[in-house]
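Peer 1: This is what each chain is made of:
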Amino acid sequence: MKKICIFSFSLLLFSYSSLLAYSTVPKDFVNELVSEAISKLADKNLNKDQKSAFIENVALEYVDINALGLYTLGELRKSSSEDDISNYQNAFEKYFLKSLTSRLTDYSSSKFEVLGYDKKSANYTIVNSIVTPSDGGPKIKIDWRIYTKNSDRPLIRDLIVEGLSLARTQKEEFSSILNSNNNNIKILINKLNEFVKN
Amino acid sequence: MKAIKFFKVILPIFIILIVCFTSPNAKATEECFERVSRSIFKFNMAFDRTVLRPIAKGYNKLPDPVKNGTSNFTSNIATLLSIPNSLLQGNIKQVGHSTGSFLVNTTVGIFGVLNPAEKIGLKPLKEDVGQTLGAYGVGPGCYLVLPILGPSTARDSFGLIADTFVDPFAHITIRDHELFGVSGNEIDYFSVKGATAVDFRADNDQNFESLEKNSLDLYSSLKSVYLQDRENKIKNSIEDQDEWGSLDN
Numbered sequence: 000m001k002k003i004c005i006f007s008f009s010l011l012l013f014s015y016s017s018l019l020a021y022s023t024v025p026k027d028f029v030n031e032l033v034s035e036a037i038s039k040l041a042d043k044n045l046n047k048d049q050k051s052a053f054i055e056n057v058a059l060e061y062v063d064i065n066a067l068g069l070y071t072l073g074e075l076r077k078s079s080s081e082d083d084i085s086n087y088q089n090a091f092e093k094y095f096l097k098s099l100t101s102r103l104t105d106y107s108s109s110k111f112e113v114l115g116y117d118k119k120s121a122n123y124t125i126v127n128s129i130v131t132p133s134d135g136g137p138k139i140k141i142d143w144r145i146y147t148k149n150s151d152r153p154l155i156r157d158l159i160v161e162g163l164s165l166a167r168t169q170k171e172e173f174s175s176i177l178n179s180n181n182n183n184i185k186i187l188i189n190k191l192n193e194f195v196k197n
Numbered sequence: 000m001k002a003i004k005f006f007k008v009i010l011p012i013f014i015i016l017i018v019c020f021t022s023p024n025a026k027a028t029e030e031c032f033e034r035v036s037r038s039i040f041k042f043n044m045a046f047d048r049t050v051l052r053p054i055a056k057g058y059n060k061l062p063d064p065v066k067n068g069t070s071n072f073t074s075n076i077a078t079l080l081s082i083p084n085s086l087l088q089g090n091i092k093q094v095g096h097s098t099g100s101f102l103v104n105t106t107v108g109i110f111g112v113l114n115p116a117e118k119i120g121l122k123p124l125k126e127d128v129g130q131t132l133g134a135y136g137v138g139p140g141c142y143l144v145l146p147i148l149g150p151s152t153a154r155d156s157f158g159l160i161a162d163t164f165v166d167p168f169a170h171i172t173i174r175d176h177e178l179f180g181v182s183g184n185e186i187d188y189f190s191v192k193g194a195t196a197v198d199f200r201a202d203n204d205q206n207f208e209s210l211e212k213n214s215l216d217l218y219s220s221l222k223s224v225y226l227q228d229r230e231n232k233i234k235n236s237i238e239d240q241d242e243w244g245s246l247d248n
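Those sequence lines, one after another, are chains X and Y. Numbering (numbering that gives the first Met the number 0) for the first sequence: 0 to 197. Numbering (numbering that gives the first Met the number 0) for the second sequence: 0 to 248.
To be clear, the hints were calculated from the coordinates, so they are not data collected in a lab. Backbone N, C-alpha and C define an ideal beta-carbon position, used for all residues, glycine too. Among the clues, some could well be false.
Derived lysine-lysine pairs resembling BS3-like cross-links, with alpha carbons at most 30 Å apart [to be verified]:
id, chain 1, residue 1, chain 2, residue 2
1, X, Lys39, Y, Lys125
2, X, Lys26, Y, Lys122
3, Y, Lys66, X, Lys140
4, X, Lys118, Y, Lys60
5, Y, Lys122, X, Lys138
6, Y, Lys125, X, Lys140
7, Y, Lys118, X, Lys170
8, X, Lys138, Y, Lys192
9, Y, Lys125, X, Lys138
10, X, Lys39, Y, Lys192
11, X, Lys50, Y, Lys212
12, Y, Lys212, X, Lys138
Some chain Y residues well away from chain X (every beta-carbon gap over 10 Å; in silico) [to be verified]:
id, residue
13, Ile39
14, Val50
15, Leu87
16, Gln88
17, Leu124
18, Ala169
19, Gly183
20, Asp216
21, Gln227
Using the sequences and the hints given, assemble the complete structure.
Peer 2: Here is the structure:
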């Protein structure tokens with residue numbers, strides 16, 4: 000029992016220290032975070048649950064899920080009640096994490112390279128990168144929208160894959176659901192909760 | 000033969016009707032007729048599940064040289080449509096890239112099966128009439144889904160028909176003309192279009208599966224992806240649009 004406790008604690012400490020280890024310079028932050036994620040996801044010694052846990056930890060720590068949730072809600076975020084927003088953000092976080100782990104746990108190894116960056120404003124830097132799949136598939140351009148208002152804690156707000164913004168796609172999907180349901184946020188929350196349950 | 004009749008006669012009539020009955024001021028986010036589009040989308044998904052996806056899965060099991068050769072061959076033929084459209088857009092540099100790429104790949108690249116043009120720095124962008132109209136400032140018009148062909152807008156649907164008048168490959172196949180002593184037939188045209196569709200579907204198999212699995216409303220997700228992609232292709236760039244300004248919490 001003691002051994003299990005020490006092992007669990009060491010594991011927790013290791014995960015925590017590894018989560019704190021990334022640079023605060025946006026370009027290096029993306030490079031270090033993604034490189035570590037690639038090595039973890041391609042590690043055949045880790046099972047699916049361990050990979051899911053890793054993805055969830057990284058997402059909770061380094062993705063601005065709250066802002067992403069508000070962005071995807073569109074104009075409705077201004078007119079909804081605090082309770083509704085709070086319920087929506089809870090549901091959105093669970094939905095986001097489930098959707099992210101489902102996309103990434105079957106990941107196969109790729110080469111990742113940061114090409115450069117473009118500081119858009121004091122709050123945003125776009126980091127340009129390229130992924131070369133190891134199976135010889137075509138290279139994929141990925142731009143990372145990094146929120147840098149707090150320069151000590153950069154956060155990912157969006158991924159633009161070959162020019163397609165994942166946040167915008169999500170926002171337009173939610174907008175369609177809201178439009179066809181009289182802008183009823185509760186219906187969107189229900190749909191997000193249903194997705195998480197299934 | 001029924002399939003060819005569908006693409007040659009019924010689909011153009013369908014598209015012309017849409018273009019005639021839609022407002023030119025409509026935004027792409029507006030639907031031409033959402034209920035019909037959603038029904039066509041369901042049909043397209045069923046077609047995908049029963050026909051396209053199984054073929055694409057089989058195609059993905061082929062050796063890489065076969066897949067790459069098919070992809071190069073169909074891309075090389077598609078370059079023919081890019082040449083007049085780049086010219087119409089006044090993009091002389093791209094005319095050079097497209098023409099050079101087609102000539103090099105058709106000759107040195109053995110009828111386009113290989114892609115030596117890429118190795119010497121020729122990078123043709125895919126252009127069509129929809130993009131040319133967009134470059135002229137014509138808005139997308141409303142959004143719709145075409146049977147088999149998938150997401151489109153009023154402008155791009157019109158462009159699809161216009162493509163068959165501008166595209167030299169369509170000229171020598173479905174329009175029964177001859178160009179530099181070369182001619183073909185309808186089967187050549189639809190075989191190449193079919194191979195292009197299978198190659199595209201196979202290339203994006205995992206992306207489609209992931210999107211399908213993680214979407215609350217797949218119809219809207221695909222609509223967003225299509226509209227973003229067309230915007231980028233018209234601008235010939237993938238520059239991010241800053242819509243986050245009001246979220247600097």
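Peer 1: Far enough from chain X: is every CB of that chain over 10 Å from the CB of Ile39 of chain Y?
Peer 2: holds (16 Å)
Peer 1: Is the hinted pair Lys212 of chain Y and Lys138 of chain X satisfied, with a Cα-Cα distance of at most 30 Å?
Peer 2: holds (24 Å)
Peer 1: Given the hint that Lys122 of chain Y pairs with Lys138 of chain X, test it: the Cα-Cα distance must not exceed 30 Å.
Peer 2: Judged against 30 Å, a Cα distance of about 15 Å means the pair holds.
Peer 1: Has the given pair, Lys118 of chain X with Lys60 of chain Y, been kept, meaning a C-alpha gap of at most 30 Å?
Peer 2: Given that 30 Å is the threshold and the Cα spacing comes to 43 Å, the pair is violated.
Peer 1: Would the least Cβ to Cβ distance between Ala169 of chain Y and chain X come out above 10 Å?
Peer 2: Given a closest Cβ separation of 26 Å, the condition holds.
Peer 1: Would the hint linking Lys50 of chain X and Lys212 of chain Y be met if the CA-CA limit is 30 Å?
Peer 2: Within the cut-off at roughly 19 Å; holds.
Peer 1: Asp216 of chain Y: least C-beta distance to chain X exceeds 10 Å?
Peer 2: The assertion about Asp216 of chain Y is violated, with a minimum of 5 Å to chain X.
Peer 1: Tell me if the straight-line CA distance from Lys125 of chain Y to Lys140 of chain X falls inside 30 Å.
Peer 2: Cα-Cα ~17 Å, so holds.
Peer 1: CA of Lys118 of chain Y to CA of Lys170 of chain X, is that 30 Å or under?
Peer 2: violated (39 Å)
Peer 1: Far enough from chain X: is every CB of that chain over 10 Å from the CB of Gln227 of chain Y?
Peer 2: violated (5 Å)
Peer 1: Just want to verify: Leu87 of chain Y was marked as not at the interface with chain X; is every Cβ pair farther apart than 10 Å?
Peer 2: Nearest chain X Cβ is 23 Å from Leu87 of chain Y, so the label holds.
Peer 1: Compute the least Cβ-Cβ separation between Val50 of chain Y and chain X, then decide whether it is above 10 Å.
Peer 2: holds (24 Å)
Of the numbered hints listed earlier, those contradicted by the structure are 1, 4, 7, 10, 20, 21.
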